[in-house]
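Participant: The chain contents come next:
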Amino acid sequence: MSRAILILIFFIGLLSSCVSGNSDKPAGSAKYQQYYVQGEVLYKNYCSNCHQADGSGLGRLYPPLNKSDFLTENFASVVCLIKNGVSGELIVNGVMYNQPMKGNPALTELEVAEIATYIYNTWTNQKGMIEVSEVTALLDACGEN
Amino acid sequence: MNWRKTGQHPATSIQRLLLSIASAIFILSCQVSEKPLPIFGQREVVGTDTVYHTIAPFAFVDQDSAWVTNNTFKDNIYVADFFFTTCRSICPIMKTQMLRVYKATADMPDVKILSHTIDPEYDTVALLHDFADRLGVKSARWHFVTGVKDSIYKIAQTSYFATAMEDKTEPDGFIHSGAFLLIDKKQRIRGKYDGTKEEEVNKLIVDIQKLREEK
Numbered sequence: 001m002s003r004a005i006l007i008l009i010f011f012i013g014l015l016s017s018c019v020s021g022n023s024d025k026p027a028g029s030a031k032y033q034q035y036y037v038q039g040e041v042l043y044k045n046y047c048s049n050c051h052q053a054d055g056s057g058l059g060r061l062y063p064p065l066n067k068s069d070f071l072t073e074n075f076a077s078v079v080c081l082i083k084n085g086v087s088g089e090l091i092v093n094g095v096m097y098n099q100p101m102k103g104n105p106a107l108t109e110l111e112v113a114e115i116a117t118y119i120y121n122t123w124t125n126q127k128g129m130i131e132v133s134e135v136t137a138l139l140d141a142c143g144e145n
Numbered sequence: 146m147n148w149r150k151t152g153q154h155p156a157t158s159i160q161r162l163l164l165s166i167a168s169a170i171f172i173l174s175c176q177v178s179e180k181p182l183p184i185f186g187q188r189e190v191v192g193t194d195t196v197y198h199t200i201a202p203f204a205f206v207d208q209d210s211a212w213v214t215n216n217t218f219k220d221n222i223y224v225a226d227f228f229f230t231t232c233r234s235i236c237p238i239m240k241t242q243m244l245r246v247y248k249a250t251a252d253m254p255d256v257k258i259l260s261h262t263i264d265p266e267y268d269t270v271a272l273l274h275d276f277a278d279r280l281g282v283k284s285a286r287w288h289f290v291t292g293v294k295d296s297i298y299k300i301a302q303t304s305y306f307a308t309a310m311e312d313k314t315e316p317d318g319f320i321h322s323g324a325f326l327l328i329d330k331k332q333r334i335r336g337k338y339d340g341t342k343e344e345e346v347n348k349l350i351v352d353i354q355k356l357r358e359e360k
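First to last, the sequence lines map onto chains B and V.
Quick note on the numbering used here: the first sequence kicks off at 1 and runs consecutively.
Quick note on the numbering used here: the second sequence kicks off at 146 and runs consecutively.
To be clear, the hints were calculated from the coordinates, so they are not data collected in a lab.
Ideal Cβ placement from N, Cα and C applies to all residues, glycine included.
A couple of the hints might just be wrong.
List of simulated lysine-lysine pairs, PhoX-like, C-alpha gap at most 20 Å [unchecked claim]:
1) K102/B / K313/V
2) K348/V / K337/V
3) K360/V / K180/V
4) K342/V / K44/B
5) K102/B / K83/B
6) K331/V / K180/V
Partner residues are not named here, just some residues of chain V that face chain B (Cβ under 7 Å, in silico) [as the list claims (entries may be wrong)]:
7) I238
8) T241
9) G281
Please take these sequences and the hints and turn them into a complete structure.
Facilitator: See the structure below:
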């Protein structure tokens, strides 16, 4: 069953890699769709318990991902913290949050790209597709700035 | 088979009488408001009294450094659960749902909430205070308590029939159930709900009202 899904995902990936090559608007591409759909599944598994399905967060415990100035202004940090976690004070929309978020070290770069694509293009966010190559570069640079 | 038999042989007058008595009882029992909530756990009959399972004596400290004991809930209804602040799996959902219970019972001073941390080494009073504050809990109706770890695990398992224990093989280090337990004014368990499911928590909110109206 899971093998069949994997093969299917691989096939879709193969297919979309051809499509995205000539697409200037990744938001409409098959690759984008695949990242987005996978990202949504991963988001529900790893993120939505705290950040909620609608990205609104919870009180002053878990910051929002929707209408979040932090998300908009700190793309590199967000990519790093999806994988590595974050602790200490974090100001989002002028509110100080201080609940440690554990990292998800088992996430692959592809999965981080899929989650980032999902959260950056859902609710009111419209950043467009996040490529694995971007994620790889950002993850390599985590902790350097 | 039996149906066919009675179909072949018309019911005797005694059978008819019994049937009408049975249906009368049935109709009457339907008219007596709604079925009361069940009482959980073992019961013993002592003389003419039935002794029910109740919550064992406890003493924990809440987010305001105040002692919380059975007496804190004297003549009150309360909802109990087990969580820890750094849990990423079900606790945030439980807290989202418990917040709904808290808001739904905002004008009910006789309804309280008792959330036990199962990670008392990390979840200190100060941390629980901050957690409650950040969750938006202002009133003293919702106690976030910490205490001796073994006492918390023991009361979870033996008094509330809930699962709570350490397990280093789990990513977050603990196993616990997402149950919300509804406790009545006599410290008896009257309901168990999955605190991660919105529909179950809806039922809990209805049952709280039912329990308040119970004489």
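Participant: Against each hint, give a clear statement of whether it holds in the structure.
Facilitator: Hints, verified against the model:
{"no.": "1", "hint": "K102/B / K313/V", "in the structure": "holds (16 Å)"}
{"no.": "2", "hint": "K348/V / K337/V", "in the structure": "holds (10 Å)"}
{"no.": "3", "hint": "K360/V / K180/V", "in the structure": "holds (13 Å)"}
{"no.": "4", "hint": "K342/V / K44/B", "in the structure": "holds (15 Å)"}
{"no.": "5", "hint": "K102/B / K83/B", "in the structure": "holds (9 Å)"}
{"no.": "6", "hint": "K331/V / K180/V", "in the structure": "holds (19 Å)"}
{"no.": "7", "hint": "I238", "in the structure": "holds (5 Å)"}
{"no.": "8", "hint": "T241", "in the structure": "holds (6 Å)"}
{"no.": "9", "hint": "G281", "in the structure": "holds (4 Å)"}
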